Structures are given as structure tokens and as C-alpha cells.
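**Student:** Protein chains in written order, with the working numbering: chain D, 560 to 953; chain F, 560 to 953.
Treat the hints as calculated values from the structure; they're not laboratory data. All figures in this text were calculated on a predicted structure; none of them were measured in a lab.
Where chains are identical, the list cannot tell them apart; a pair therefore holds if satisfied intra-copy or between any two copies.
Listed next, the in silico DSS-like pairs over lysine-lysine satisfying Cα-Cα at most 25 angstroms (straight line):
{"hint": "1", "residue 1": "642", "residue 2": "898"}
{"hint": "2", "residue 1": "839", "residue 2": "898"}
{"hint": "3", "residue 1": "923", "residue 2": "814"}
{"hint": "4", "residue 1": "946", "residue 2": "918"}
{"hint": "5", "residue 1": "756", "residue 2": "718"}
{"hint": "6", "residue 1": "599", "residue 2": "927"}
{"hint": "7", "residue 1": "599", "residue 2": "898"}
{"hint": "8", "residue 1": "898", "residue 2": "927"}
{"hint": "9", "residue 1": "839", "residue 2": "599"}
2 protein chains.
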Amino acid sequence: MIIKGFSASAVPAGIKYSGRLDLGLICSATPAVTAGVFTKNLVKAAPVVLDMERLRQGRAQAILVNSGCANACTGEQGMEAAKSTSRLVALALGIPEEMVQVASTGVIGVQLNVAAFESAMDSLVGGLAPENLGKVAEAIMTTDTFVKTATRTITLCGKEVNFMGMAKGSGMIMPNMATMLAFIVTDAQIGFPELNKCLKTSVARTFNRITVDGDTSTNDMVLVMANGAAGNKWIDDEIPEAQQLFQDTLEDMLKDLALQIVGDGEGATKCITIRVCGAKEAGEAEQMARTVANSNLVKTAFFGEDANWGRIIAAMGRCGVRFHPEHVDISFGDITIVKNGIGQGAAVEEEAAKVLREKNITVKIDLKDGNACEEIYTCDFSVDYVKINADYRT
Amino acid sequence: MIIKGFSASAVPAGIKYSGRLDLGLICSATPAVTAGVFTKNLVKAAPVVLDMERLRQGRAQAILVNSGCANACTGEQGMEAAKSTSRLVALALGIPEEMVQVASTGVIGVQLNVAAFESAMDSLVGGLAPENLGKVAEAIMTTDTFVKTATRTITLCGKEVNFMGMAKGSGMIMPNMATMLAFIVTDAQIGFPELNKCLKTSVARTFNRITVDGDTSTNDMVLVMANGAAGNKWIDDEIPEAQQLFQDTLEDMLKDLALQIVGDGEGATKCITIRVCGAKEAGEAEQMARTVANSNLVKTAFFGEDANWGRIIAAMGRCGVRFHPEHVDISFGDITIVKNGIGQGAAVEEEAAKVLREKNITVKIDLKDGNACEEIYTCDFSVDYVKINADYRT
Numbered sequence: 560m561i562i563k564g565f566s567a568s569a570v571p572a573g574i575k576y577s578g579r580l581d582l583g584l585i586c587s588a589t590p591a592v593t594a595g596v597f598t599k600n601l602v603k604a605a606p607v608v609l610d611m612e613r614l615r616q617g618r619a620q621a622i623l624v625n626s627g628c629a630n631a632c633t634g635e636q637g638m639e640a641a642k643s644t645s646r647l648v649a650l651a652l653g654i655p656e657e658m659v660q661v662a663s664t665g666v667i668g669v670q671l672n673v674a675a676f677e678s679a680m681d682s683l684v685g686g687l688a689p690e691n692l693g694k695v696a697e698a699i700m701t702t703d704t705f706v707k708t709a710t711r712t713i714t715l716c717g718k719e720v721n722f723m724g725m726a727k728g729s730g731m732i733m734p735n736m737a738t739m740l741a742f743i744v745t746d747a748q749i750g751f752p753e754l755n756k757c758l759k760t761s762v763a764r765t766f767n768r769i770t771v772d773g774d775t776s777t778n779d780m781v782l783v784m785a786n787g788a789a790g791n792k793w794i795d796d797e798i799p800e801a802q803q804l805f806q807d808t809l810e811d812m813l814k815d816l817a818l819q820i821v822g823d824g825e826g827a828t829k830c831i832t833i834r835v836c837g838a839k840e841a842g843e844a845e846q847m848a849r850t851v852a853n854s855n856l857v858k859t860a861f862f863g864e865d866a867n868w869g870r871i872i873a874a875m876g877r878c879g880v881r882f883h884p885e886h887v888d889i890s891f892g893d894i895t896i897v898k899n900g901i902g903q904g905a906a907v908e909e910e911a912a913k914v915l916r917e918k919n920i921t922v923k924i925d926l927k928d929g930n931a932c933e934e935i936y937t938c939d940f941s942v943d944y945v946k947i948n949a950d951y952r953t
Numbered sequence: 560m561i562i563k564g565f566s567a568s569a570v571p572a573g574i575k576y577s578g579r580l581d582l583g584l585i586c587s588a589t590p591a592v593t594a595g596v597f598t599k600n601l602v603k604a605a606p607v608v609l610d611m612e613r614l615r616q617g618r619a620q621a622i623l624v625n626s627g628c629a630n631a632c633t634g635e636q637g638m639e640a641a642k643s644t645s646r647l648v649a650l651a652l653g654i655p656e657e658m659v660q661v662a663s664t665g666v667i668g669v670q671l672n673v674a675a676f677e678s679a680m681d682s683l684v685g686g687l688a689p690e691n692l693g694k695v696a697e698a699i700m701t702t703d704t705f706v707k708t709a710t711r712t713i714t715l716c717g718k719e720v721n722f723m724g725m726a727k728g729s730g731m732i733m734p735n736m737a738t739m740l741a742f743i744v745t746d747a748q749i750g751f752p753e754l755n756k757c758l759k760t761s762v763a764r765t766f767n768r769i770t771v772d773g774d775t776s777t778n779d780m781v782l783v784m785a786n787g788a789a790g791n792k793w794i795d796d797e798i799p800e801a802q803q804l805f806q807d808t809l810e811d812m813l814k815d816l817a818l819q820i821v822g823d824g825e826g827a828t829k830c831i832t833i834r835v836c837g838a839k840e841a842g843e844a845e846q847m848a849r850t851v852a853n854s855n856l857v858k859t860a861f862f863g864e865d866a867n868w869g870r871i872i873a874a875m876g877r878c879g880v881r882f883h884p885e886h887v888d889i890s891f892g893d894i895t896i897v898k899n900g901i902g903q904g905a906a907v908e909e910e911a912a913k914v915l916r917e918k919n920i921t922v923k924i925d926l927k928d929g930n931a932c933e934e935i936y937t938c939d940f941s942v943d944y945v946k947i948n949a950d951y952r953t
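Using the sequences plus the hints, can you model the full thing?
**Tutor:** In C-alpha cells form, the structure reads like this:
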């Protein structure tokens, strides 16, 4: 999909591997209103620190992104490298350095090879074209097994508005305010406060609800650029219905990308939704769902297609939420395998095992203590997860 | 080792598997001062609930333990079953029912087969002998690959005092006040308040410092029986040096058993000590060490013998403790791989990789923010962990 006023390019720069796309550039023809959310990990990669500082102005015109090196734990040298690469882009495009956002993903603790960026810059900028956004989505992959993109089209105040989003992520995934990397570009005309609010609301309900392995990355970020090229009336509080439509569209798109990340979780064979209902408070429902979604014993049982609900209730019991074990119902799909805290026997477990053979599984936990309900999205835990992560750097 | 006044027995009762020891009994000739610590999981198995109630009296004379069935999430029927089995023992031994402690380990959500206990009771009680404590250690194994026992002998106020301890546990191990199952018998003469205090102090520093997979069981318990048969002077606050020796011996023994559990962690190939030093507070040091010890990415890197310190620092960054990433040193054994937050390069990583090929590895993290230092003990995370837990019930 083409988004008015945006162009993109990606090239193989040899940052880590040779012969594969690993350097991408997204540009807006004009300065775009830009909002971002970033990792809450105390250890932040150089590009995260730099982008957070630059985004105080709420504007950006380009995103330069590389895979193969996270530029995290690289000290002053790493920060200088991040700035140098943004300067290369600024010079080539004739824009201020501060209008360039940078993003990196890959191994922690290795210095960025700035020379590789320099050598690649001419062909990178030369390749800029509206139809190349998908190539950037390819360039940001690391252990990802498929390209993750989403597009949406809506009508805002009579104007067609388009969105294109991309994400990468497969391991070290339990985002806290953001996920590995996700970039969304839209030609919508929207102010910074509104865009920022829509992004934060959407991320809380989407990327911050997924977990692959409980590990939060040092490089997580989500950026949204809105360049206004669609020419719609400015979206603000005066037209709440348009703002709501924008919010809904963005959230729907981020959820799409977030679920793609879970579906491509390292070694994953299944997508699992853990839904906790009947909780006293939303925060408690989320805490319980997250504990179950991060339990290795629960996740390996899903890999084994074993309806082992004992592991679910054991994880619930250690999550810190007070509840009544003797009230709990647990269902796999439509099959209620536990009623009032008691297993329903072998015949029901066999029915439930059929549900577990599917690719998408919903586990519903009903506490019957209140009305709050929350979901966390995860994947199963396979032999391949261990193989991928024992061998990642070799 | 024989502990004066104690006898034990174990038989194959066919509770889950046939032809292997799965039912054990430990008896004291006289009522023994007995202290216990139990799982903090909100979901507690029937034997845990029953034992906690009975231990209010601080005395017990027998422990009946089975593997193959956890008797957890089994409702009223499960509680009745726990009581029935304790009654069988009480009748056979001619002691009050309340003097019998029961313990179960195995699959959650399956009712206890009381008939199997009934059929086995005669041969179980008939087999009681002082030299059979080791057979009980064998009977409590589930996915354990070796028997875990420890013995100690000390002189207390001129009398020889003996201890024998046993433990089981391999998965669902991140004890919170206790571990899966551990039983210690001693012929020491000690009052309940002193025994209880020694046990709680020791468990906090040993079993509560290990983690295999971050999952806390519904059945965790540690019981210590002291029957006084050694005839030493009563240990109390009037002889602090004797109480300290008792405490040190118990703690040393529990640490021995705890490390045996980590060394037999499901699929484990290595024992890893995560030591965080230079923290502002002990609680923060423990929290950071525990987060690193539970990171799947850290644990799979150890399995892969990859000196991937980036995963360690990423886990530190998400643990909730404030520190200065630019001050951090990280060592594997004697090799300092990170100084002041920066990796020391490929040559040092190669030296560190040699350390990782060993079976016992210590990771030292120095925050340089204070003087607190704490350790957590864990194991690596292998392909076999997933295989064991995907297939556990089949």
C-alpha cells in the first residue's frame, strides 16, 4: 500500500549478515507529527535514548532502522554512532538531524558499524520510493520467520486516510509500554496531543498485552508518523467521532501486528489467548492472565497439547491475586474442564485435548468474584525456542 | 545413616505407576517436636492444609508420603482422602490421628486412590526399620533423576546428635517458604520455638533461594522432626552456642538438599549461582538475582554455553531495581566480561566461554551502589526441559 507523502527504501548493508536486507529508511516529504512509546527497561539502547530526546518536539521526517546490532550497552561510543548515522541521513535528505529517528535491533553489547551505514547510504537514499514500505518491514527482521505488516483505509471527514504499519519481534518479548520495533505511517492530519494519546491508549491494549518469554527488550519502540497528506480536517476534540475512528483504527492495526508477533514467537506452534473474567479489578485480571501466560509449565503443556489445567491453577495461585479456588471455572475453547475448582474428568479432558490441537486457542478463567475481564496474548513453548536461543549468536 | 528412635519404610503401592516405590512412612518411637514451612501458593493441596492445621500443636510422630498424585484441587473428597490415609497409619501404629503428617506429590487434579493405601498399609508398616530412611527418599521421586539425601553429625553439649534429610523436586520449583517436599529427622532434643525459628531462618536462605522454572507448587513443604533420643541438654536460649551450631548444621544441610534439587532441575545440564553484590539493599540484590535466574533467555544461553551477557543486563534492567548501567561489572567465574557497563571484547568472551563449559558456574554482578550481596541458585534451560514438560502426563 502507498501512503501519500511517504517513501521508503531498504538495502543489504552487511551490518551483521551479508546478502540480506538489514538497513531501512522511511521518509515523509514534509515534517510529520510523530509520537512514540519506548521500553521501560532501565537499560535503554542508544537509539532509544536519542529518539526519546528528539521526540519532545513531536515532529520527525525520517526513520533509519537497522537489524543485526542493537546498539545497546555500547556507552558513549554507541551514542556517537547513533548520532553519526542520523547525520548521514540528514545530509543526504537535506533535513535537520533532529528530524531523524533511529532504531536498532539485534545483539546487545556490540558497537554499531558506522562505516557500513556510510557505504550503504547512497543506494539507500537512491532507492526511496512510495512502494517500498514492505521492504523496510523485511529489513528489520531478526529471528522473525515472516514479515509483519498491516494496512487500513478509513474515511475521515470525507477524505480517504491510509495507514501502513510494520513490526518485528519474536524473542525477548514482554513489552512494557512498547514492543521490539513497530512503525506506523499515515497520511492523516492530526495534532501531536491527539496522536500521542491515541498511540498510548492503543499500545496499552495491544503490544503491552503480549508476551513470548517474559523478557523485556532494551530496544523496544513504537513510532507513528502522521504527515497530513490526506488533507482531512485536523483531528481534535472538536470532532470526537473522527478522533474515535482514528483511535479505533490505530488500535485495531496495532492489535493485528501484536498478534502477528505472538504468532511468530520463537519456536511457537500455537497462539494462545488467556482471558481472566469475573475478577474484582482489571489490574488483578491482567496480573493473573500475565502470570499464566508466562508460566513455562503452562506453555510447555500447550506445546504438548496436554489439557493440564493443574499447571494453570498453580500459576494462578502464585500470581499474588486473592481469589477463591473453589469458585474457579476454566475452559479451553468451549469446553469447561474445571467447574468450581474441580476437574471434570477424563472424558472432558479428551474433548479439551481436541481444542488444543488447533492453532488458535482461548483459555477462559472465570473467578466469579466481580466483573473485570482482561486478556493477555501469548504462544506455546517448544523445543525450538530453546534451540533458537541456545544458538542465537553462533 | 540411622537416627536414634526413627524408623522408615517404603513400598510400591501402585498409586500411579506399578513396580516402583511410591509410598513412604517415617516414624518416631516417641512424639517428636515438629516444625514445618508450607507453600505460599494460594492454591494449597489437601495435605498442606491438613498438616498446617495439625502442626499448631508442634508435635508429630509419623509422616506418610506418596508420589504420583498431588491431591491438589480435589475439593472435599481430597481432604477426606488425606484424613483417611492418616487414619490408616494411626490405627496401624496405635497413635492419635493428629500425630500423623501427610504429604503428596505428583499430578494436580486427580483424586487420591485410598484403596491403594489400604492394600499397601500392612507391608508398609511391617517394613519399618531404622535403616530404611533412604528408601523413603526414593519413593518420593517424580521427574527427579537421582535420590536427594544429606546427613550430618555434630556434638551438642557432649552428646552425639545426628541428622538425616531428604528432598524431592525437579520442576515447578520456585519455592516460596518451602520447596516441593523435604523431610529432616534428627535425634536432637530441642524445643518447638527454637526448632521453628531455626527451620524458618534456614529455609529463607536455602530452599527459598532456588528456582528451576519460576513456578511455585501447590504442594511445597519442609518438615523437621526432632525426637530428643540423643539425650542432649534441651537446646534453648540459655545455651546460644549450641543453638547456633544446630542452626548452622540445619542450614548447611538444607542448602545441600536445595542445591541437589537445582542440579536435578528438569533437563538441567548446569548449576548456576547468580550473585548480585554492591546493591543498596539485600531485598534489591535478591530481586535482581531472582529475575536474572528466571530469565529464559539467560538460561537458554547457559545451555548453549554462550557468554551472552546482553541478556543478563536486559533482565537486570526490567527487574524493578534502580541502578546505574554504566557502573555495572559482570563476571563469569573469574573472568570479568563487562566493566562499567561495557563488554570487554571477543578475546575476553572466549575466556568466559571456557567457564561456561563447566558444570558449576558463578555469575557475579557488581552494581557498585552499596554493600548488600545476595545469591540465587538456578540451572540452565535445555531442550529436555521442554520435552519433559510437554510429555509429563502421557
